[in-house]
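Novice: Sequence:
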Amino acid sequence: MAAASTSPRIILLIGSAPDVVRCEAWPKAAFSRIVAINNAWRVRPDWDFLVHAGDFPPDRLPPPQMLRQAQVFSAAHYVPAQNSFGGFVYAGGTMAMTAAYWTIHSQQPDVLAFLGCDMIYDQPEKTHFYGIGRADPLRDDPTLRNLEAKSARLLFQALKRQCLCINLSDLPRSRLIFPRLAFDALQGLSRAGIARMQAEILAGIERDTADKAEQVEQDLGYFYEDGMYWNHLDEIDETRLADIDRLWMAAAGKGLTAKDHYRSIG
Numbered sequence: 006m007a008a009a010s011t012s013p014r015i016i017l018l019i020g021s022a023p024d025v026v027r028c029e030a031w032p033k034a035a036f037s038r039i040v041a042i043n044n045a046w047r048v049r050p051d052w053d054f055l056v057h058a059g060d061f062p063p064d065r066l067p068p069p070q071m072l073r074q075a076q077v078f079s080a081a082h083y084v085p086a087q088n089s090f091g092g093f094v095y096a097g098g099t100m101a102m103t104a105a106y107w108t109i110h111s112q113q114p115d116v117l118a119f120l121g122c123d124m125i126y127d128q129p130e131k132t133h134f135y136g137i138g139r140a141d142p143l144r145d146d147p148t149l150r151n152l153e154a155k156s157a158r159l160l161f162q163a164l165k166r167q168c169l170c171i172n173l174s175d176l177p178r179s180r181l182i183f184p185r186l187a188f189d190a191l192q193g194l195s196r197a198g199i200a201r202m203q204a205e206i207l208a209g210i211e212r213d214t215a216d217k218a219e220q221v222e223q224d225l226g227y228f229y230e231d232g233m234y235w236n237h238l239d240e241i242d243e244t245r246l247a248d249i250d251r252l253w254m255a256a257a258g259k260g261l262t263a264k265d266h267y268r269s270i271g
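Going by my numbering, the letters in the sequence shown line up with residues 6 to 271, in that order.
In case anyone wonders, no lab produced these hints; they're calculated from the structure.
Honestly, I wouldn't trust all of these hints.
Computed Cβ-Cβ distance ranges for the label pairs, DEER-style [unchecked claim]:
#: 1; residue 1: P32; residue 2: D213; range: 37 to 45 Å
#: 2; residue 1: D213; residue 2: A34; range: 18 to 26 Å
#: 3; residue 1: L176; residue 2: G59; range: 26 to 34 Å
#: 4; residue 1: G193; residue 2: E29; range: 18 to 26 Å
#: 5; residue 1: R201; residue 2: S79; range: 32 to 40 Å
#: 6; residue 1: T244; residue 2: M71; range: 19 to 27 Å
#: 7; residue 1: A30; residue 2: E243; range: 37 to 45 Å
For glycine and all other residues, C-beta sits at the position ideal for the given N, C-alpha and C.
Kindly generate the complete structure, drawing on both the sequences and the hints.
Specialist: And the structure:
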């Protein structure tokens with residue numbers, strides 16, 4: 006029991022980018038839980054939770070026999086979780102962000118490790134591990150104009166809840182501005198190492214600017230309890246959302262970029 010209480014709670018969040026298949030060989034014991042987004046449940050059979058969009062085709066859901074030891078969550082579960090972080094308009098209405106906020110809210114991880122969530126779609130060949138897929142974050146949506154800013158917001162909101170977001174991707178580019186970490190280094194993480202990294206990131210965040218971003222969000226009041234913000238587009242000023250995005254990018258500071266090198270912490 007003592008070992009379990011001192012071990013960090015590390016959750017793997019997997020999307021559908023082509024390099025997500027790297028995790029097929031990673032031992033399940035390296036993670037407290039594995040959360041799959043949409044089609045990513047096909048990557049490996051030992052996932053614990055599937056978070057899927059409300060319009061996810063039923064014929065793409067896992068077969069019933071896979072659900073005996075795993076769970077599936079959709080809008081009824083993740084809308085309340087997203088609302089607890091300010092709602093979809095500010096968090097970004099794409100499943101990578103939605104699943105991340107749901108995981109932080111419901112699972113309370115110490116580390117949320119992303120793989121296959123870089124949201125880069127200009128590869129010459131396949132865009133997803135299963136071939137050519139719909140690039141959800143690239144649809145015409147006022148909440149998704151600046152994915153880097155949305156990831157900066159997520160990083161800050163997670164840190165406020167003692168959760169460190171990291172990116173396990175080894176791709177040259179990513180829309181996530183989280184610090185990068187190699188899988189081997191992830192396996193050696195300790196609570197002390199996590200605390201040091203959290204402190205280092207927080208030290209580089211302009212807290213006054215982050216507080217201002219949150220205040221502007223509250224003042225605008227773009228909050229829709231049912232999550233269906235697309236029914237209220239005539240109420241949303243995209244210029245104001247762009248201003249908020251700029252504040253989150255400024256708050257992140259120069260120390261956090263998508264080009265961060267891999268780090269090794271213990």
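Novice: So which of those numbered hints doesn't the model satisfy?
Specialist: 2, 6
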